[in-house]
Amino acid sequence: MPNLASRLVKDCLCSMLVVSICCGALLILLASCSANIPLQRKAQQTEESVLEVKYSIVCVIHGDGDYLYHDTSGNEYKADEEALAGAIKVAQQNPNAEVFIFHQKPKRHFLLLFPLQDGEFSYYRNGQLITNELYWRDSEQSHFEHEVELYHHFRVDSQREIVSMFLYYGHEIPEYGGAGYDASYPNRKFTIKDLTIGLEDFTRDSARFDLIILSTCFGGTPYTIGALGPFAKTIIASPENLHLSYFDLSSLARLELRMRDGDVPTFAKRFAHQAFDRLTTDIQTAVSVVVYDVDRVQEFLRSVHTIYTNKLTTLKGETPTFLVTIEHCDCAELPAYMLPTMQEGVDIFYRPAHFGRSKQKQNHSGWECWRDIIP
Amino acid sequence: MKARIAFGFIIMMFVLSLPVIAGGKGELQKYFNDAANKVKATENASEKRTILNESLKDMSKVLNVVQSSPLISKDDGIAIGRIKATLQENQDELTGSNGYQRVSDNQLNNYSNYIVQNMEQAETITISLVALLLIIILVVLLV
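Chains A and B are the protein sequences, given in the same order. For the first sequence, this note's numbering begins at 1 and goes up steadily by one. For the second sequence, this note's numbering begins at 1 and goes up steadily by one.
Pulled out of the complex, with its shape left as it was, chain B reads as follows:
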């Protein structure tokens, strides 16, 4: 009897203390921080460039899918559009297209920091929880 009460108590406590999803806004920053860590861990400039290029491309792909989802509000779509534009500019600068001067090989570590810091200052705060959850899920599934 006592054991069963204790068991019931534990189960109820467990259910009641399930963690609330805490926004997850840091996930975008973490994603680019991981990419920056990988960039810094490799010596080869061409590998660094590939890591950055792929991470930017993959995140843009995710944002495209999220933006076209029917679950996304118009406001979220706008905010996502702005982040996408920033990522496109980052990619252009990395490759030296659309009027940008190509980031030199010896600046790639600093450039990876720039991308992280730029994302930390971006308007992720204006994106709703639904949009952020979709982004996080798709990052896990597609990237």
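With the rest of the complex left out, here is chain A:
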């Protein structure tokens, strides 16, 4: 009996030793995939291919949240995976573009113990994949630190005029608070302010983006458009809920044909129109897509800045209990926002929900605000 017991202990120790060796090997392997990987691929680019780049697209896809949705046949999709597939297609179908795709993934562990990198970066130039690598996202406040680093390492330093775009696909970006935006990092905060810090770094050596596409719910508020304004000439956003099937990316393919004249505002309207048409085909809830001409909306934004900021300041100080008594609404429903400049610089594509209390609402001002719920 003692013999059997000692054999069992010995076997167990042997198993543990094997596992430990395996784990050690894995640790070495995983450590070798750390964020500090040398970035050498740039040298592989020829001068010729660099000259051909006329469009630069940065696409950030947030995938660390509840991104499940169903089509009308009941099939399940993950919105971030769909957006990623769309972005890759755009990258492959643009021979004159460079496309940066950042897929922000949930925290994962290998064998429950070893953290895996939670970001995946792909860089395409002239329709070809130049690099695909994993990276670590910011561990505390989310300021796109590593995304910015990769962007500046790979971007084409061209003397030519490049049409630049920044796309963000994800949930509504909070205007205050922001804890829990990343489902797997409940304490990490992400707000519009954090996005603007990232944008500031993305645009540090260049002019503002020609176009920002904010594919999230409630992106069309005076605060959000005002905050993103310094980094873009034109913004496409949804002032109301945006279903997880998101803005259709297919109009970004073959930009050399679709944007031959380099007229970004006209292209933005076409993009918004197509995204709207695509959403209204299947979605029963309200659909709103708005194109904001950043320079032309400034007067309205200046006029409502104080009132909107005051509302946000009030909300910041309130407890979650209070938040039951407020809701999003069309700014046009609040007299203080009903100014002659409200429609200046906005192109609105809106269709009300087919059901629900707001199905009779036929128009939207293009601006979303907060209001108190009247009991």
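For the record, the hints were derived by calculation from the structure and aren't laboratory data. Just to be clear, a hint being listed does not mean it is correct.
Said to hold, decoys possible - Label-pair distances were calculated between CB atoms; the ranges are:
hint : chain 1 : residue 1 : chain 2 : residue 2 : range
1    : A       : 140       : B       : 43        : 53 to 59 Å
2    : A       : 140       : B       : 104       : 50 to 56 Å
3    : A       : 207       : B       : 98        : 49 to 55 Å
4    : B       : 92        : A       : 256       : 48 to 54 Å
As the structure is a prediction and not an experimental result, all values here were calculated from the model. For every residue, glycine included, the Cβ atom is placed at its ideal position computed from N, Cα and C.
Go by the hints and put chain B onto chain A.
Same frame as chain A, but now just chain B:
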């Protein structure tokens, strides 16, 4: 000896690779998607209405139980309350009560899609894992 080492190795690998509960937030959406599939699978309008009504009622019942549980935080209680209010509005529209116009028979398939899409846009993201697990367990037990 080798066989026992291999066995021990497999057991340890199995324990170490037990899947982490991955949030389960999609379960609410899946629940209503299943109901929508059932609605579309039947031709009879009154059956469609019953399926929708029952699924809304059952989920409200589950949310009531979860909301009153001592394990639920105040914040979760608020978020659950908002989802409950949405479900109540869906039910009112289905039956034509509380000022809503009753959803017509030929619109029931679209209405089932509306409920799914509305739930996909709802604030489930703000509910904690504990609350979601409770909801999932109770859906299995009570529904």
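These are the hints, each one checked on the structure:
no. : hint                           : verdict
1   : 140(A) with 43(B): 53 to 59 Å  : holds, 56 Å
2   : 140(A) with 104(B): 50 to 56 Å : holds, 52 Å
3   : 207(A) with 98(B): 49 to 55 Å  : holds, 53 Å
4   : 92(B) with 256(A): 48 to 54 Å  : holds, 52 Å
Of the numbered hints stated above, none is contradicted by the structure.
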